[in-house]
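Enquirer: If you want the building blocks of each chain, they are given just below.
There are 2 protein chains.
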Amino acid sequence: MSTAEADRRARATWSALVEPGDEVAGALVQACGAHDALAWVDAAVTGRPDWAALGAHAGTGGEVVRRRVSTALRRWAVRRPHVDADRDADAAAHVGARVVVPGDPQWPTGLDDLGTAAPFALWVRGDGLHRRRSVALVGARACTGYGERVAVDLAVDLARRGWQVVSGGAYGIDAAAHRGALVAEGSTLVVLAGGVDRAYPVGNARLLEEAVHTGGAVISEVPPGAAPTRSRFLQRNRLIAATARATVVVEAAWRSGAASTAHHAARLLRPVGAVPGPVTSAASAGCHRLLRDGVAVCVTDAAEVVELAGDVGADAAQAPTQVGAPGDGLAPLARRVLDAVPRRGGRTVDDVAVRGGTTHAEARDMLGLLELDGLVRRVGGGWVLEADEQRPG
Amino acid sequence: MSTAEADRRARATWSALVEPGDEVAGALVQACGAHDALAWVDAAVTGRPDWAALGAHAGTGGEVVRRRVSTALRRWAVRRPHVDADRDADAAAHVGARVVVPGDPQWPTGLDDLGTAAPFALWVRGDGLHRRRSVALVGARACTGYGERVAVDLAVDLARRGWQVVSGGAYGIDAAAHRGALVAEGSTLVVLAGGVDRAYPVGNARLLEEAVHTGGAVISEVPPGAAPTRSRFLQRNRLIAATARATVVVEAAWRSGAASTAHHAARLLRPVGAVPGPVTSAASAGCHRLLRDGVAVCVTDAAEVVELAGDVGADAAQAPTQVGAPGDGLAPLARRVLDAVPRRGGRTVDDVAVRGGTTHAEARDMLGLLELDGLVRRVGGGWVLEADEQRPG
Chain A
0 MSTAEADRRA
10 RATWSALVEP
20 GDEVAGALVQ
30 ACGAHDALAW
40 VDAAVTGRPD
50 WAALGAHAGT
60 GGEVVRRRVS
70 TALRRWAVRR
80 PHVDADRDAD
90 AAAHVGARVV
100 VPGDPQWPTG
110 LDDLGTAAPF
120 ALWVRGDGLH
130 RRRSVALVGA
140 RACTGYGERV
150 AVDLAVDLAR
160 RGWQVVSGGA
170 YGIDAAAHRG
180 ALVAEGSTLV
190 VLAGGVDRAY
200 PVGNARLLEE
210 AVHTGGAVIS
220 EVPPGAAPTR
230 SRFLQRNRLI
240 AATARATVVV
250 EAAWRSGAAS
260 TAHHAARLLR
270 PVGAVPGPVT
280 SAASAGCHRL
290 LRDGVAVCVT
300 DAAEVVELAG
310 DVGADAAQAP
320 TQVGAPGDGL
330 APLARRVLDA
340 VPRRGGRTVD
350 DVAVRGGTTH
360 AEARDMLGLL
370 ELDGLVRRVG
380 GGWVLEADEQ
390 RPG
Chain B
0 MSTAEADRRA
10 RATWSALVEP
20 GDEVAGALVQ
30 ACGAHDALAW
40 VDAAVTGRPD
50 WAALGAHAGT
60 GGEVVRRRVS
70 TALRRWAVRR
80 PHVDADRDAD
90 AAAHVGARVV
100 VPGDPQWPTG
110 LDDLGTAAPF
120 ALWVRGDGLH
130 RRRSVALVGA
140 RACTGYGERV
150 AVDLAVDLAR
160 RGWQVVSGGA
170 YGIDAAAHRG
180 ALVAEGSTLV
190 VLAGGVDRAY
200 PVGNARLLEE
210 AVHTGGAVIS
220 EVPPGAAPTR
230 SRFLQRNRLI
240 AATARATVVV
250 EAAWRSGAAS
260 TAHHAARLLR
270 PVGAVPGPVT
280 SAASAGCHRL
290 LRDGVAVCVT
300 DAAEVVELAG
310 DVGADAAQAP
320 TQVGAPGDGL
330 APLARRVLDA
340 VPRRGGRTVD
350 DVAVRGGTTH
360 AEARDMLGLL
370 ELDGLVRRVG
380 GGWVLEADEQ
390 RPG
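These protein sequence lines map, in sequence, to chains A and B. The first sequence begins at 0 in numbering that gives the first Met the number 0 and counts up one residue at a time. The second sequence begins at 0 in numbering that gives the first Met the number 0 and counts up one residue at a time.
Errors might be hidden in some of the hints.
As the list claims (entries may be wrong) - What the simulated footprint calls covered on chain B by chain A, stretch by stretch (three residues with Cβ under 8 Å from a Cβ of chain A suffice, anywhere in the stretch; the number is not a length):
id, stretch
1, 116-129
2, 274-280
3, 333-342
Claimed, not checked - Partner residues are not named here, just some residues of chain B that face chain A (Cβ under 10 Å, in silico):
id, residue
4, H81
5, D83
6, D349
What the hints assert, rightly or not - Negatives, chain A to chain B, calculated, CB over 10 Å:
id, residue
7, E4
8, Y145
9, L267
10, P277
11, R334
Simulated from the structure, these hints should not be mistaken for laboratory data. Where a beta carbon is used, it is the ideal one built from N, C-alpha and C, also for glycine.
All chains should be built: construct the whole structure from the sequences, respecting the hints.
Expert: This is the structure:
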């Protein structure tokens, strides 16, 4: 077995041996390499930990490190006999999954920002991993029709702009986001909390298959067969945040997994967006909280999401072009003269000057300019508004 | 006439002579006092400006000041013959209005922050001016049912908490805000763009009367009879912003008067809030823009408005108390143990340790604690979840 293959196999074993986000394991693998760290653990759980050998790799680190590793070793010892790398590899092959590790071209380098909490390996179905431009759309399972519509619309528009949509494959906002990307024939990435051989939730099984077979991917940091437990859901959220360039929460209750994903992204200094909704909707309370707390920026359409996630300058959202009322954007003096012109009857230049608070010359000049703009016209010896000029109501 | 009365009369005259926000007039009045400034102008518009006399009051200021005052004088000269302080006083008396000037106990001292753009005087109907705790609720005339409901609800709740609701008396959000305050038997302040003798818009005439007769007030910086022109609407917004301790925009289009009020408040370093709404609603686009631009803080209920406008610390909004799911807030280790306990069938401590990634001792101890919390129970030789513990869905 080559060194690279040994590393891959060791990382796959680590992903089965410890719970996601185990930072003691992460530190050990960083210090010693996945293979040597695993060999050291295997020796330690059957005999006595060889602290001298560890020190040669990782520095002594003192009593605290030794105590933390000792505690971790006792946990790993419990599960070690149940980990079977061959069995996991067979199960992966059975569903067409492969193991992707750091250094592979498809490894999402954003995951490295997680430091010692980075996953050891990813179990991957599909080719669509590590798109340069990807954005996470996350939110509540118990979403409203409004949230679902916004999630689909955002995902469609993002996919059309060439962005990959990342989400967690759950019911509600997650599913709407994946579905929108697929509708627009874009690529979507599903990050699962359990094994990639388990369609979870079962109702989204077809959606997950579609993601795999349309240039996207379904990934997990735990091996095939692993159950999607609640603590793994919470850990999974950090992968979504670290994989995507930005995270947008579409709908979320006051406390929610989506909000936790947003906080993960914020800690990684990734841009975070939140879609506002009616204040009367509990499904938007988490989004509004993120806005209030300054964790998230308010985003209302795909252009604003792209501005958030994209390159500074190149991806700025445009202000909507709006048809203004006649006379919008006039200078204050012109505005005052226009205000002094009646809708009916006609008013002399002198009278306009008195009412507008201008000199006679200013009133005369401004009336001429306003006439050129089609906002006023002459009647007899006076001036009157053109028919379509409106007073504020 | 006492000096105070002369000042009051001169300020009332200034309010008729110049357009709102005339900073040349404001600077002149600040430098010379309202009465002397008016006397100087009266002499100047009939003869030649006495620059030496002005210099004695205001310093020479050089050529630029002289040029600006000269231009302004030509404007004031046009309107001066049409200003009649007695006629305005009679018209005010006719509708029970009085003139309030700086130094009066009822003068809203917040207006002084406007500097040379501060109003010279206020024409006031009703006693409810200058409440210490007042907040402006502003928004679109063309509001939605959602915006109207939110405005009424906020105003009711703010009034019940003893806050005065300030707004512009227009249709839509303004009217809803005033109405909500009145419904809750609170005080409301209407800031008009035209004279206080003119109910504008006419459809809100009864609302304005109610505001006057229920401990609130209707105010304006222009004298009775003055028309509510568009430029005066724009200037009026600065009064709303400067009178209230904070300004909250409930609904506003992308460009709108309400947004201009918010910007005025921001420039005065007053707190600004915006109520979010559906991103699919054009009536909320201005609010979302204020949030995106960082001009406004997201507010969703009266408690958050009070936190924004109130005293730091004393008025902080409470986080909603929410009934969590069983097991919320567990430490990670307990969470993992709980996750490893099945819903049916029972699982041994050893098996729970393997699945949860814990030592045998940790699993045993945590199961005991979880049992005390009523989350798990013993069955035969193993452990099972209590019926109401749910898996994430």
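Enquirer: For each hint, tell me whether it holds in the structure or not.
Expert: Structure-based check of all given hints:
no.: 1; hint: 116-129; in the structure: violated (count 0)
no.: 2; hint: 274-280; in the structure: holds (count 6)
no.: 3; hint: 333-342; in the structure: holds (count 5)
no.: 4; hint: H81; in the structure: holds, 5 Å
no.: 5; hint: D83; in the structure: violated, 13 Å
no.: 6; hint: D349; in the structure: holds, 8 Å
no.: 7; hint: E4; in the structure: holds, 26 Å
no.: 8; hint: Y145; in the structure: violated, 6 Å
no.: 9; hint: L267; in the structure: holds, 20 Å
no.: 10; hint: P277; in the structure: violated, 6 Å
no.: 11; hint: R334; in the structure: violated, 5 Å
Of the hints listed earlier, those the structure fails to meet are numbers 1, 5, 8, 10, 11, in rising order.
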